[in-house]
Structure formats: C-alpha cells, structure tokens
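Starting from the given sequences, assemble the full structure and let the hints guide the process.
Numbering (full-length UniProt numbering), first residue to last: 1 to 442.
If you are wondering where the hints come from, they were derived from the structure by calculation, not from laboratory data.
Since the model is a prediction, treat every value here as computed from it, not as a measurement.
Mixed in with the good hints, there may be bad ones.
[What the hints assert, rightly or not] List of simulated lysine to aspartate or glutamate pairs, DMTMM-like, C-alpha gap at most 20 Å:
#1 295 - 270
#2 337 - 376
#3 151 - 49
#4 151 - 70
[Said to hold, decoys possible] Computed beta-carbon distance windows for the label pairs:
#5 238 - 25: 40 to 50 Å
#6 291 - 150: 25 to 35 Å
#7 150 - 295: 20 to 30 Å
#8 351 - 435: 51 to 61 Å
#9 291 - 182: 49 to 59 Å
Beta carbons: idealized from backbone N, C-alpha and C, even for Gly.
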Amino acid sequence: MSYHNPHTPPRKSATFDDHTLAEIRRAAATGIYDIRGAGTKRKVPHFDDLLFLGASISRYPLEGYREKCDTTVTLGTRFAKKPITLKTPITIAGMSFGALSGNAKEALGRGATIAGTSTTTGDGGMTDEERGHSQTLVYQYLPSRYGMNPKDLRRADAIEIVVGQGAKPGGGGMLLGQKISDRVANMRNLPKGIDQRSACRHPDWTGPDDLEIKILELREITDWEKPIYIKVGGSRPYYDTALAVKAGADVVVLDGMQGGTAATQDVFIEHVGMPTLACIRPAVQALQDLGMHRKVQLIVSGGIRSGADVAKALALGADAVAIGTAALVAIGDNDSKWEEEYNKLGTTAGAYDDWHEGRDPAGITTQDPELAARLDPVAAGRRLANYLKVMTLEAQTIARACGKNHLHNLEPEDLVALTMEAAAMAQVPLAGTSWYPGKGGF
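Spelled out as structure tokens, the structure:
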C-alpha cells in the first residue's frame with residue numbers, strides 16, 4: 001500500500017516533460033514530423049559562459065576617448081584580386097528572397113551599407129533591389145542552384161559556396177508552396193505554390209578534390225576578382241576547415257547549431273550539429289596547423305547577439321562574425337507590437353518560429369503582399385544600422401578594456417570560463433585557475 005501526501009504537488013518527469021508529451025501526441029495524431037524555423041531552443045554552452053579579464057596592474061587599458069581601437073577587417077586576401085574591406089567585423093548572413101520578403105531583403109542591404117559591412121543573398125538568386133541597396137553583397141552558391149547565373153556571380157562582391165548550415169548540417173533547404181509567389185517561382189524556375197526542397201549536397205562534386213575544381217571554375221567565371229567563401233555547418237570543424245583551405249578557399253564560414261534556418265525538421269535543429277562555442281577553437285587550430293590563420297579568414301555564425309559575443313568569437317581566433325536571427329529581430333521580427341496577431345497564430349512574439357508558413361505579422365518572413373507592406377525597408381534599415389553600430393561599440397569597449405587597439409588583437413589569454421564545459425570547448429582556463437579540461441595539471 002502506498003501513501004501520497006495530498007499537500008505534495010504531483011511530480012512530472014524530467015524526461016517526459018510537457019513539451020515532449022505534446023510532441024508525442026502531435027506526432028501520433030498527424031503522422032507528420034514538426035517543421036519550424038529559427039535555431040535550437042535547448043540550452044547549450046555559449047558565449048555567456050565566458051568572461052573577459054580586462055586590465056588592471058598587469059595589463060594596460062586604452063582610454064576610450066583618446067586612443068583608437070580599429071574594427072576593420074579585410075576578407076579574401078589569399079587569392080582574390082579584389083578582397084573586400086569592411087568597417088566592422090559583423091556581417092549579415094545569407095537569408096533568401098523567398099524565405100524573406102523583398103522589403104526585408106532591402107532593409108538588410110540598406111542597414112549593412114550604412115554600417116559599412118556586407119550582406120548575403122541566401123538561396124534563390126539575387127534581386128535587383130538587394131544588389132542596388134547593398135554596397136557589399138556576397139552571393140551564395142547552393143546545391144539547389146536556384147537563380148544561379150554567371151551574370152549575378154560577376155555582379156557580386158564575393159561568392160559563398162554553401163556546403164552546410166549550422167541548424168541542419170547534412171540537410172537541405174525547404175520552402176513551402178505558400179511562399180513560392182510568381183516572382184519567387186520565376187527566379188527559381190519552379191512551379192508556383194508547390195513545396196520546394198533543396199538538395200543536401202552539390203550535384204557536381206563529392207569531395208575536396210572536386211570542390212577545388214569547382215572553385216577554379218568560379219574564379220575563371222569571375223576573372224579571379226571575387227573572394228571565394230566556403231560555408232560549413234558546425235560538425236567536424238577541424239577537418240572541414242582544413243579541407244576547405246586545401247580546396248582553395250579564401251574565407252571559411254563556420255555556422256554553429258544556434259544558427260537559424262527558415263524551415264527544417266525540429267529534430268534536425270535540436271539534435272544535429274555542435275554548439276558554436278565548440279566549433280571555433282578546432283577550426284582555428286586547423287588554420288594554425290596549416291600556417292593559414294589570418295591568411296584564410298574565419299567567419300563564425302550561430303547565436304551572435306551582442307558586442308560581447310563578437311569580441312569573444314574574435315578572441316578565440318575568428319576574423320569576423322555573421323548574424324541572421326538577430327538581424328531579423330533588429331529590423332522588426334517577433335516584435336511585441338504584433339502580439340495580438342501572434343496569439344491568433346497560436347504563439348507569442350518571443351517564441352514565433354513558423355517562418356515557413358508565410359504568415360509573419362511583421363511582414364519579414366512572408367511573401368504575402370499585404371503583410372510584406374507592413375515593413376518599411378528604410379526605417380528597418382536604420383534600425384539594423386543602429387544595432388550594428390551598438391554591437392561594434394560594445395566590442396570596442398571590451399577590446400580597449402583589455403588593452404587592445406584592434407579587435408583582432410583580442411586573444412584567448414583575455415578570457416576565462418565559468419563552467420567546465422565552456423573551458424573544455426573554448427580551451428581557456430576555468431575562472432580562478434590556470435587549467436581547462438584536457439590540459440593536464442592544475
């Protein structure tokens with residue numbers, strides 16, 4: 001006989017929590033796996049688990065009002081005739097016209113141009129508005145080849161070969177029929193209103209030797225002017241970085257699992273890939289082992305939110321970062337002023353992730369003309385520029401406090417970790433010690 005104290009609240013399972021139970025019931029009722037946008041929602045070790053030490057007696061800080069702290073970065077110095085120089089090391093990640101509205105893409109271009117940085121096309125081709133409002137535009141070359149043509153390759157300032165994405169390394173893209181408007185269908189050579197799934201791998205190469213040939217082909221098409229990036233999802237960063245360098249990349253873009261996506265399986269987002277924090281040091285080590293650190297630039301993306309995140313990524317060895325989700329929030333996505341409409345969709349502003357359904361009240365992740373018209377690209381571009389300015393100033397503030405006159409002078413020695421996991425991933429000492437897991441000694 002068992003006795004239950006009526007004053008003790010019922011105890012729920014940590015394994016079968018409310019979300020898990022709801023997912024089991026949803027799957028049983030529908031027979032369909034869950035699709036959503038955004039990135040992982042589970043908590044993983046991240047930049048918040050690192051702290052900067054700053055300067056005191058043993059280090060000399062810089063005076064913010066008198067001493068310069070440079071933020072410029074040049075990308076593509078290895079082979080390209082025309083490497084690109086940005087005023088800030090914070091770039092805008094690839095997000096397609098199709099996944100985003102035309103006004104959203106224009107806003108990203110406007111904001112990036114004001115801030116002196118680059119934006120990226122994403123899948124589906126280049127729009128004239130995006131090219132027209134982006135001073136520096138990176139053209140993504142994806143397995144789908146949607147919208148790809150030599151003319152636009154030559155119109156771009158750099159080319160990014162997308163091998164993988166942090167939210168779904170090993171997986172392809174997805175664009176549901178309700179977002180394939182006449183214009184999107186025409187650009188991608190697809191039937192209007194029919195669900196589209198992009199391939200998970202490129203159709204014309206299978207390994208680094210083939211990729212080297214493809215890179216040479218792209219260089220010939222563009223007269224060796226454009227920097228060639230290779231983007232990989234964070235899964236085996238040491239080997240992927242090394243092979244990208246071997247294949248001839250000017251820049252490696254490394255995307256961790258906190259990076260967003262327009263649409264993929266929830267099980268992919270939550271259970272495939274590695275945290276951004278775990279990806280950076282192996283990639284930097286690969287570049288160092290090959291004698292290519294700072295010669296081949298490393299851009300890190302996936303969950304970058306603030307100037308502190310930027311500074312930490314650069315201190316760990318990155319040359320620049322890319323933001324996606326944060327940029328969408330800056331231009332107006334998931335804004336609480338649309339809370340009532342988010343509620344009608346069965347969600348809330350802070351949790352909305354059904355970007356693939358094309359019903360975004362903010363007019364950003366939609367092709368609905370009425371919804372898209374809600375976003376003023378000029379005002380939204382200014383908001384993005386303000387956000388990029390603040391992030392840059394925050395990173396400068398931290399760098400000066402560490403005695404650095406350039407963001408690239410930040411180094412692992414400036415950091416400590418708050419947890420064992422973060423110390424092991426970032427290979428910086430646990431706070432209050434000179435040790436991290438795997439180093440030996442204490």
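Task: Numbered hints the structure breaks, given as an ascending list - done: 1, 3, 4, 8
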